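Since the structure of chain A is provided, determine the placement of chains B and C on it from the hints.
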Amino acid sequence: MTDLLTLIVAKYNYWLYVILMMIGLYAMIAKNNLIKKLVGMNIFQTAIILFYVSIGYKRDATIPIIQNAHGGNDTHAAVIHAVDYINPLPHVLMLTAIVVSVATFGVAMALAVRVYQRYQTLEEDELRMRLVDIGPEK
Amino acid sequence: MKFLGFIIVCLTGALLLYGTGEFPGWGDPHSPASIHLSNDYIEKAVEQTQVPNLVTAVLADYRGFDTMFETAVVFCAGLACFLLLRDFKEKKERFYRHTPTGVILHVKDSKKVLKTGKEFEHMDKDWVPSDLIIKTICRILIPFIQIYALYVVAHGDFSPGGGFQGGVIFGSSLILLAISYDLKVLVKRVKEKILGIFAAIGVLIYVGIAAICMPMGGNFLDYSKLAPLVPGDPHHIRALGMLGVEIGVGIAVTAVMVIIYINIVSEGRHEEGL
Amino acid sequence: MHWLIDLIVLTFVIFCAIAAISVKDLLGTAILFGAYSFMMCLLWAVMGAVDVAFTEASVGAGVSTVFFVAAVFRTSRRTKD
Numbered sequence: 214m215t216d217l218l219t220l221i222v223a224k225y226n227y228w229l230y231v232i233l234m235m236i237g238l239y240a241m242i243a244k245n246n247l248i249k250k251l252v253g254m255n256i257f258q259t260a261i262i263l264f265y266v267s268i269g270y271k272r273d274a275t276i277p278i279i280q281n282a283h284g285g286n287d288t289h290a291a292v293i294h295a296v297d298y299i300n301p302l303p304h305v306l307m308l309t310a311i312v313v314s315v316a317t318f319g320v321a322m323a324l325a326v327r328v329y330q331r332y333q334t335l336e337e338d339e340l341r342m343r344l345v346d347i348g349p350e351k
Numbered sequence: 048m049k050f051l052g053f054i055i056v057c058l059t060g061a062l063l064l065y066g067t068g069e070f071p072g073w074g075d076p077h078s079p080a081s082i083h084l085s086n087d088y089i090e091k092a093v094e095q096t097q098v099p100n101l102v103t104a105v106l107a108d109y110r111g112f113d114t115m116f117e118t119a120v121v122f123c124a125g126l127a128c129f130l131l132l133r134d135f136k137e138k139k140e141r142f143y144r145h146t147p148t149g150v151i152l153h154v155k156d157s158k159k160v161l162k163t164g165k166e167f168e169h170m171d172k173d174w175v176p177s178d179l180i181i182k183t184i185c186r187i188l189i190p191f192i193q194i195y196a197l198y199v200v201a202h203g204d205f206s207p208g209g210g211f212q213g214g215v216i217f218g219s220s221l222i223l224l225a226i227s228y229d230l231k232v233l234v235k236r237v238k239e240k241i242l243g244i245f246a247a248i249g250v251l252i253y254v255g256i257a258a259i260c261m262p263m264g265g266n267f268l269d270y271s272k273l274a275p276l277v278p279g280d281p282h283h284i285r286a287l288g289m290l291g292v293e294i295g296v297g298i299a300v301t302a303v304m305v306i307i308y309i310n311i312v313s314e315g316r317h318e319e320g321l
Numbered sequence: 617m618h619w620l621i622d623l624i625v626l627t628f629v630i631f632c633a634i635a636a637i638s639v640k641d642l643l644g645t646a647i648l649f650g651a652y653s654f655m656m657c658l659l660w661a662v663m664g665a666v667d668v669a670f671t672e673a674s675v676g677a678g679v680s681t682v683f684f685v686a687a688v689f690r691t692s693r694r695t696k697d
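Here the protein sequences come in this chain order: A, B and C.
214 is the number of the first residue of the first sequence in this note's numbering; add one for each residue after it.
48 is the number of the first residue of the second sequence in this note's numbering; add one for each residue after it.
617 is the number of the first residue of the third sequence in this note's numbering; add one for each residue after it.
So here's chain A without its partners, still in its complex pose (with noise of 0.2 Å):
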């Protein structure tokens, strides 16, 4: 019994990343609209980062700024532990994926704004249908 408990408290996070990460790409598979799918995808994304920022982190450690580097007299006395701090590295990689993503957000908004101005509509369906009908415009 109390092995189960341990095993589900160092894994559940792991198993609700895998939850949020298949949410997402059900809604990118299944949903009609493309917006919908974008929104997917941007939960795919985020669970992903969720996934590496829980990697970096450390039991019983605190925030990566280090304590006292300017001030005080004691500056150089007091030794750095790399056990106190969280691991900055995934932390680094995951805020420019978030910008990136933001980005490339931006972008896809700026396609779907496109396609609605050419076929005025959004749901895959009838934008297979009137590709169908039309053919490729001009």
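Don't read these hints as lab results, they were simulated from the structure.
Remember, predicted model here, so these are calculated numbers, not experimental data.
Just so you know, even glycine gets a beta-carbon here, dropped at the ideal spot from N, CA and C.
Be careful, since some hints might not be right.
Restraint ranges, calculated between C-beta atoms of paired labels, are given here [stated by the list, open to error]: (1) B/265 x A/327: 41 to 47 Å; (2) B/67 x C/624: 48 to 54 Å; (3) C/640 x A/346: 22 to 28 Å.
Below, chains B and C alone, put in the same frame as chain A:
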């Protein structure tokens, strides 16, 4: 299709859940991700760069190449939005409002252009007067948001923040101006050409600071070689170099966010919208 | 105690995600997606990733929602699923 999608998703999820069995426990200080390179960053960063915020130190110095090309990606996104949506054709129908009386004129001939100024103003088809309370509150709020954005950029070395966050906050203050007043107010104050130039200048600042290091005898992005150019304590030169590239990132991100917003909300016509 | 906060916020995040992809009004999706981003930001703050949380609060919950609303304003609000 839905059923098939559900099966695929379940299969992927089952595989991933099976994979979690091999993972280290949550918050384990000795997990493989935290024992190799990152310990080096944590222990040496302050000594080498004088920047207490480790995320900024790794972002702008140790992994400077990554951030540089990422700024280029953001710039390309702004460019892509501009090229996809921008429409220079004049609209055929126009609406004008006579300001003293509130009469609305509907002009169908595209060649007839009324002189807008004191008497007539150009307006949207679905125009609603902006609310006085919202306008006043936003007018008071916007300068504070902008000062906060500058603080976030400048203080990124010591506290959470940096070029990306500060740039996005500054850009959203400009977007707030467009939402609370009118898109035309923003487009009149911040010209499209200026936005484009600023987006390019931001990337250029980053690349320029990185490239100046080369004639000074260092590698690309080696800020420590800039010490003869900057007066002051040479120990802090890496922190100053990081501040410089963060400012570049901030400028580029600000301009790109506003470009994307303006182009999406007005379908590239820049004359009517939220 | 710490993992309890984490679990509660994660549950909220999953509810927000399911609601965002199943609601039939795209403006509703936009707002739910903003709520999702804020929950995510809270989760990262709990994990100690303050920079990532700050970025997500300004980028994901702020600007991304604005782009979303702008795109919905220029396209249609209704959706079939």
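These are the hints, each one checked on the structure:
1. The beta-carbon spacing between residue 265 of chain B and residue 327 of chain A, approximately 45 Å, falls within the hinted interval of 41 to 47 Å.
2. Between residue 67 of chain B and residue 624 of chain C, the C-beta spacing of about 21 Å breaks the proposed range 48 to 54 Å.
3. Look at residue 640 of chain C against residue 346 of chain A: about 26 Å separates their beta carbons, and that is inside 22 to 28 Å.
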